[in-house]
Amino acid sequence: MNTATQNLENDHVHILRLTDIMLAMVEQKCSETDHFELVVNLIRNFADGLHHAKEEELLFPLLGEKGFSPEHGPVAVMLMEHVQGRNFVKGVIDGIVELKNGKSEAIHLVYENLTGYANLLQNHISKENNILFRMADQMFSADEQQTLIDQFAVVESEADPEYNAKNSIAKIDFLASVYIQ
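For the sequence shown, position 148 matches number 148 in the working numbering, and the numbering has no gaps at all.
What the hints contain is simulated information worked out from the structure, not anything from laboratory work.
Quick reminder that beta carbons are idealized off the backbone N, C-alpha and C, glycines included.
Careful, some of the hints might be misleading.
Label-pair ranges, simulated between beta-carbon atoms [to be verified]:
#1 127 with 167: 24 to 32 Å
#2 123 with 164: 20 to 28 Å
#3 139 with 166: 29 to 37 Å
#4 29 with 61: 40 to 48 Å
#5 61 with 103: 41 to 49 Å
#6 160 with 83: 18 to 26 Å
#7 138 with 97: 44 to 52 Å
#8 157 with 87: 23 to 31 Å
#9 31 with 161: 26 to 34 Å
#10 112 with 2: 38 to 46 Å
#11 155 with 16: 15 to 23 Å
#12 102 with 131: 42 to 50 Å
#13 146 with 108: 42 to 50 Å
#14 98 with 38: 14 to 22 Å
Starting from the given sequences, assemble the full structure and let the hints guide the process.
Pasting the structure below:
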């Protein structure tokens, strides 16, 4: 049986590739603002806009119905980490703006926030895949799983076509061809 968590874990494969690319960009001392902007757009539209929407709007509320508090425990930690990730993205954006305004030292702000985001997400995804999703699988009935899968499909169909899963993966593949040997 396909599960809602399998759908989310499939997204995680591509998000983890993106975090590897981000770390490679820092290691290789990338200075391509258009590539930084593409990473930001992938995070905002695919990782956050599509994937986190499925979690925050659908999965986590159902877990709440099963007794998981959004203020305490694993769901609260995941939500807090989503906010931390958004703060790192804001730092990347701030650095890009400064770079475009001629402040070359702002590259360090970009690198620091790309690294922070990548490290956060790698740990975050490990916790979701290995702990939270396994708990969800034990709690959800087959009908609840199917309902989530159907709801995920609606979220995916409403995504910005430029950053739907297929196009986001193609953009990640492009960045990987540049930064991952």
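Just to be sure I understand the hint, the distance between the Cβ atoms of residue 157 and residue 87 should be within 23 to 31 Å; is that true here?
holds, 29 Å
That 14 to 22 Å hint for residue 98 and residue 38 (C-beta), does it hold up?
The hinted range 14 to 22 Å holds for residue 98 and residue 38, with Cβ atoms some 18 Å apart.
Determine whether the Cβ-Cβ distance between residue 29 and residue 61 falls within the hinted range of 40 to 48 Å.
With a Cβ separation near 42 Å, residue 29 and residue 61 satisfy 40 to 48 Å, so the hint holds.
Within 18 to 26 Å or not, the Cβ separation of residue 160 and residue 83?
Holds, at about 22 Å.
Assuming the hint says 24 to 32 Å, is it satisfied by the Cβ distance from residue 127 to residue 167 or not?
holds, 28 Å
Range hint compliance [Cβ, residue 155 to residue 16, 15 to 23 Å]
Given about 20 Å between the Cβ atoms, the range holds.
Does the Cβ-Cβ separation between residue 123 and residue 164 fall within 20 to 28 Å?
holds, 27 Å
Does the hinted range 38 to 46 Å hold for residue 112 and residue 2 at CB?
Holds, since residue 112 and residue 2 (Cβ atoms, about 39 Å apart) stay within the stated range.
Per the hint of 42 to 50 Å, is the separation of the Cβ atoms of residue 102 and residue 131 within bounds?
Given a distance of about 46 Å, which is inside 42 to 50 Å, the answer is holds.
Supplied distance hint 41 to 49 Å, evaluated on CB atoms of residue 61 and residue 103:
42 Å Cβ-Cβ, so the 41 to 49 Å window holds.
Satisfaction of the hinted span 29 to 37 Å by the C-beta atoms belonging to residue 139 and residue 166
holds, 31 Å
Range hint 44 to 52 Å: satisfied by the CB atoms of residue 138 and residue 97?
holds, 45 Å
When held up to the earlier numbered hints, the structure conflicts with none and fits them all.
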